[in-house]
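S.K.: Letter by letter, the chains look like this.
Protein chains: 2
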Amino acid sequence: MTLYFEDVVLGEDQVLGSYTFRAEEIKQFAGRYDPQAFHLDEAAAAKSLFGGLCASGWHTAAVWMKLLVDHSYSGHEGSEPRFGPSPGFRDLKWLKPVYAGDTITYRTRNIETKALASKPNWGLLESLNEGHNQDGALVFSFISQVFLRRRESTRID
Amino acid sequence: MTLYFEDVVLGEDQVLGSYTFRAEEIKQFAGRYDPQAFHLDEAAAAKSLFGGLCASGWHTAAVWMKLLVDHSYSGHEGSEPRFGPSPGFRDLKWLKPVYAGDTITYRTRNIETKALASKPNWGLLESLNEGHNQDGALVFSFISQVFLRRRESTRID
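For the protein sequence lines, the chains are P and V, in the order given.
Throughout the first sequence, residue numbering follows my numbering, covering 1 to 157 in sequence.
Throughout the second sequence, residue numbering follows my numbering, covering 1 to 157 in sequence.
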């Protein structure tokens, strides 16, 4: 169930899902990938700039990926990839801390498609991704890029 | 052992460390945060565009954070944060897959410091971060940003 470049709809908000960051998971992720005291220990976090246990920014980003994948494959049969690889992202912003117990709702909106002379079988999709907490505050945003297959190659043989 | 804005050295490469991505950890990270077949299963990965089991791009990034923290706190007593929060990142590129068994060496180079009228007690440091595999190929790069405390506030009272 490939998502083709030609079928992308621009400008519509899609809700990817919501995720509650539990203290246990915050500490588990941080213990492995971001072992700073304010991600590991409530007492140290209370005394820090953040004032309470909060998730690693990379944890906030990784959860976006999880919800994107779940959302994208939901209702689709088989394990055929729906989209191609990502060359990267830009302008990632961690705007406010994500505290233990916060529920973040992630949304994505396709903002731009690019046809590429260098890749006639693929097009590039750029999407603006945002995460808001339960109080409606924007905590996370970035622009993702992903390659999507074209229905027909644009290569001229 | 705070790292102060005034003490930043620009332009020098620092090796943060090397990390071998084991199949088991690749699958564990992906199962939680990026459950696509080519990150979860060798047979499916062999048939995919990647041709073999490879790490989630977010896993590659999370390991950078782990090595940065280990490197930054190494030899420093206490749990006082060495640097301030990060407002975000830009221009992250996943240039080649990181396959199971690959060893990635991460380096960082401070490229720019910015004094900010809006934050008289902090300055912003930008660093170029790169990861190369065991064959010397660049697989990962991005520009990080982090706030560092100033030795003296630039606020005029």
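One should not assume that every hint holds.
Given that identical chains are not distinguished, each listed pair holds provided it fits within a single copy or across any two copies.
Below are the PhoX-like pairs computed for lysine-lysine, each with C-alpha atoms no more than 25 Å apart in a straight line [stated by the list, open to error]:
{"id": "1", "residue 1": "K27", "residue 2": "K114"}
{"id": "2", "residue 1": "K119", "residue 2": "K93"}
{"id": "3", "residue 1": "K96", "residue 2": "K114"}
{"id": "4", "residue 1": "K119", "residue 2": "K27"}
{"id": "5", "residue 1": "K114", "residue 2": "K47"}
{"id": "6", "residue 1": "K96", "residue 2": "K119"}
These are calculated hints, taken from the structure and not from any lab test.
S.K.: Work down the list of hints and note, for each, if the structure agrees.
M.R.: Evaluated hints:
1. K27 / K114: Close neither inside one copy (40 Å) nor across copies (32 Å); limit 25 Å.
2. K119 / K93: between (29 Å within a copy, 17 Å between copies)
3. K96 / K114: Only across copies: K96 and K114 sit 21 Å apart there, 31 Å inside one copy, limit 25 Å.
4. K119 / K27: neither (42 Å within a copy, 30 Å between copies)
5. K114 / K47: Answer is neither: 47 Å inside a copy and 27 Å across each miss the 25 Å cutoff.
6. K96 / K119: Between copies only: 16 Å across chains, 38 Å inside a chain, cut-off 25 Å.
Hints 1, 4, 5 from the earlier list are contradicted by this structure; the remaining hints agree with it.
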